[in-house]
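Asks: Chains as they are written, first to last, in this note's numbering: chain A, 643 to 1244; chain B, 44 to 452.
Just to be clear, a hint being listed does not mean it is correct.
From the structure, some residues in chain B lie toward chain A, with a derived Cβ separation under 7 Å [stated by the list, open to error]: (1) Glu267; (2) Leu279; (3) Leu295; (4) Leu442; (5) Ala444; (6) Leu448.
Which chain A residues face chain B? A few, computed with CB under 10 Å, are given here [said to hold, decoys possible]: (7) Pro710; (8) Leu990; (9) Met1168; (10) Lys1192; (11) Ala1196; (12) Leu1210; (13) Arg1214.
These aren't lab readings, by the way, just hints derived from the structure by calculation. Since the model is a prediction, treat every value here as computed from it, not as a measurement. Positions of the beta carbon are idealized from the N, C-alpha and C atoms, including for glycine.
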Amino acid sequence: MSLDHIRNFCIIAHIDHGKSTLADRILERTGALSAREMSEQVLDSMDLERERGITIKAASVRLRYASPKGRSYIFNLIDTPGHVDFSYEVSRSLKACEGALLLVDATQGIQAQTLANAYLALGHNLAVIPVINKIDLPSADPERVMTQVEDVIGLDRKECLLVSAKQGTGVDGLLEALVERIPPPQGDPAAPLQGLLIDSWFDAYQGAIPLMRVFQGTVRKGDVVRFMSNGREHQVDGLQVYTPHEVAVEALGPGEVGSLSAAIRQVSDTKVGDTVTLARNPAETPIAGFQEPKPMVFSGLYAADSADYENLRAALEKLRLNDSAFSYEPESSPALGFGFRCGFLGLLHMDIIRERLEREYDLTLIITAPTVVYRVYLRDGTMIEIDSPAKLPDLTRIDHIEEPFIVGTILAPAEYVGAVFKLAQDKRGTQRSMEYLDPKTVQIIYELPFAEILFDFYDRLKSITRGYASFDYEHLGFRPAEAVKLDILLNGQPIDPFSTILHKERAYIHGRALVTKMRQLIPRQMFEVVIQAAVGNRVIARETVKALRKDVTAKCYGGDITRKRKLLEKQREGKKRMKNIGTVEVPQEAFMAVLDVGREVT
Amino acid sequence: MPHTKKDARMRHGAEPEEKTESVRALSIYVHIPFCLAKCGYCDFNSYAVEGLIALGRAGEDWAPRYVDALLRELEGRCRALGLEGRPVETVFFGGGTPSLMPPEENARILEALRGRFRLAPGAEVTVEANPGAADAARFAALGGAGVNRISIGVQSFDDEALRRLDRVHTGEEARAAFRAAREAGFGNISLDLMFGIPFQTAEAARADIESALALGPEHLSAYELTIEPGTAFHALHSRGELRGLPDEETALAMWRLRDRLLARAGYERYEISNFARPGRRCRHNLNYWRRGEYLGLGAGAHSFIGRKRLWNHARPDAYQARADNPTAGEEIIEDAAKALGEALMLGLRLKEGVSLGEVARACGADPEERFGPLFEELRGGGLLERGNGTLRLTPRGTLLANQVLARFM
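Chain A extracted, bound-state conformation:
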């Protein structure tokens, strides 16, 4: 069976370079959806994703394209996440394709993410078609961008397609180029099944639904499939493709992209990058490159009202069903009681999970300062990995500590090089290289501690370069760190959720900023509240919230009763939103302050 009529491709682009608009236009031109049916950005199905303007999870659309030259083709457009938190998912989506549209904004040129993804695509031997978008804008400079494509990525400038996705200009030519330049898939439909799992989501009725690209073999309804990473087997109830409407199919063969329903209980059984094969005729080896999802950032999640503990657990369980990159395990905090230590791919991932818990499960959460994983080498020669400041052993037992590093690629206009250097140095970076991509654009590569880019690195980079710089990173491994634990004490008691591990030199300024912020946030109460920041036994900053001495309503008569009662009820509600730590009432904002201060001073 010839697979000549199939083209599998994705669109890789820097954020805001027009990926969703181009996808919409392709859907429209292939008749998948009428203009009336089109809602903006069909591929991003979750509200939250739509609001944030980013794609979190991959999805795939099967399109029928009738070429003016007479033949009909099937296009599988595979969407890719657009944020570095999800770079592993991106690499799996790329692997599922034979080609990629490299979309570059004609007004902005190549950005760090473009570059990272282009290299990734070329590394997967994809046919890369450079597409220069937004040529309709007055500030478009396609000539310059074509030069960049040639010089930086190494693709012939003559290969660039000039497009305005918004106006539809050049889209017909682009569809033909997909046919001509992207090779069709290959694979023996009779060989043992190898399907690459590229996405998975949870359906309330059908369980986890894995989406896969078949490389070889064929899966049919009724087959028993096996996931090669964990050996679990499931009988296939149904197979689906998305046009983007869901359409049931009888079989999926080589080159095809579709999902299967098999009453799989949880998404965590269906990991992105895993290989799907058939139980009765399994493939000998899985498709290379599978990685267990590995959370990089950890923080504690607690229900503001401890009565919600079980609800939080249930919500986390459900979320986890749908997101295998996220992890949680019970922890307890002397200050906050019972909660969970949760792992995320990055801060964006953390924000998304928090928002979903609050919005979809109606929980009010306290989230503690995020931390990276530290490797702590003990004097007895053993090493432990800690994902929480509370787990840091006593200093006398520690030989040394290592922290995770990343290698970051920054692309910035040449005039901002000095500012970028300063920022990277402030963040304890070591320069690896600097290179002019063209006379106006510099690529600077730095090695940086992951903890330093966790908070505000990207925001500050944007602000010091007036929004022109872009940034991408990869994990490098662990390096020795001069890390200390900063504790915050309320009335002499260390409050564990406020503790952070940070670089020795940061401790003073961070501690100072934190106690100042906390003094503003902790309301006056019946007793004086002393807030201290300490490293070990040494107090490095101190503030006091003076005791409340007078809070009394002078007048209350017959006409005031309803109103005064409501005021007191409101006051009571305010108290309920606070967490009682010992005798101190701490508002939720104080917990977030740890995050904010991290963003401000590091």
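Go by the hints and put chain B onto chain A.
Replies: Chain B in isolation, oriented as in the chain A frame:
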């Protein structure tokens, strides 16, 4: 000397206010929302008469027309709520400035009330007066109509402070008003004082209290100035333009000074801001704090009958247009927990506190059962004290009353 005071009380015999069989008795509040001018701090439902006339919302005959409407409301309420013939222990004309009306209008209202209710022989009948609308003839006429208690809104005797408060009278006029009430035969006079006035020093507050004491009133209400939403002061305050408010330290000193001076002069603090000579506590207000029933008549007046709280349209013209049934809103306190919250919120304002047994009976919920551990916690914190089946705020708890009361909501 507490013993002397107690003895004195015994000699005068049981005060009517101590009676418990008057539970079913009703209090009547009559709201007269008219003033000469609106003061910057005032959040009462009151309007400058001249302003209303200028806006065409009232005519020169505002008083009789308003009283006509009020009597229509009285008739409607009595019918709707089945109040006809209930015993009434207290009547209070508040405002606004009730003494601004021709006294015969107050008399007309009292007469109508006597026609509907069994006004007890010893009933307390108070009229609020403001210096500036207070002369001996007017007081005499009120006395003749059956009024036996006058409450004068003095606020301060310091002309500068009075100007800052937008009061339309001087300190001397306040003294004159008091003397006029005495001359007219009133043996039960209360003064309203305010402290914490912008730019007021602790010394100035002391002078005000001493001036009040020199007049020898039977009762004193002494409030710290509160910046209430919807007032001119609040607007200034939120823009940061209300200058000279005493700092917390000074304000606390004024509270302490007030308590000390008044106690020394033989006035018992029986509520957070209220002081009385023995036997002279305001029975009408005690009824509020004990969560008794009351019928409020007039624009914006509130009533509490049975389990229902209801309130009238606030604007006099709106009220007068619907006087047969001027209800603007109501709330039924069905929840025992809410009733309990109210009972504690009100009762703990009193120095004597609340009787837990009575509260349990009245609310149908046992406060001990609901709040037992909380009572203990607050007692341990030095905010509440208990004894003999009663619960009350300690002196420290009094200054932090909202912190305590919020816990019961």
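Asks: For the restraint on Leu1210 of chain A, tell me whether the closest CB of chain B is nearer than 10 Å.
Replies: holds (5 Å)
Asks: Per the CB criterion, is Leu295 of chain B less than 7 Å away from chain A?
Replies: Because about 6 Å separates Leu295 of chain B from the closest Cβ in chain A, which is inside the 7 Å limit, the hint holds.
Asks: Closer than 10 Å between Cβ atoms is the bar; does Leu990 of chain A clear it against chain B? Give me holds or violated.
Replies: violated (38 Å)
Asks: Against chain A, run the beta carbon of Leu279 of chain B and see if the smallest gap drops under 7 Å.
Replies: Result: violated, 19 Å to nearest chain A Cβ.
Asks: Verify the interface restraint on Glu267 of chain B: the C-beta must sit less than 7 Å from at least one C-beta of chain A.
Replies: Check passed: Cβ of Glu267 of chain B comes within 5 Å of chain A, closer than 7 Å.
Asks: Using Cβ atoms only, decide whether Lys1192 of chain A comes closer than 10 Å to chain B, and label the hint accordingly.
Replies: holds (5 Å)
Asks: Can we keep the Leu442 of chain B interface hint, with Cβ of chain A closer than 7 Å?
Replies: At about 5 Å, which falls below the 7 Å cut-off, the nearest Cβ of chain A leaves the hint on Leu442 of chain B intact, so it holds.
Asks: Could you check if Ala444 of chain B really has its C-beta closer than 7 Å to a C-beta on chain A?
Replies: holds (4 Å)
Asks: Grab the minimum C-beta distance from Pro710 of chain A to chain B and call the hint holds if it beats 10 Å, violated otherwise.
Replies: Cβ of Pro710 of chain A sits 69 Å from chain B, so the hint is violated.
Asks: Quick check on Leu448 of chain B please, does its C-beta sit within 7 Å of some C-beta on chain A?
Replies: holds (5 Å)
Asks: Should the hint that Arg1214 of chain A touches chain B count as held when the rule is a Cβ pair under 10 Å?
Replies: holds (4 Å)
Asks: Let me know if the C-beta of Ala1196 of chain A comes in closer than 10 Å to any C-beta of chain B, holds or violated.
Replies: With a minimum Cβ separation of about 4 Å from chain B (threshold 10 Å), the hint on Ala1196 of chain A holds.
The structure is inconsistent with the numbered hints 2, 7 and 8, although it conforms to all the rest.
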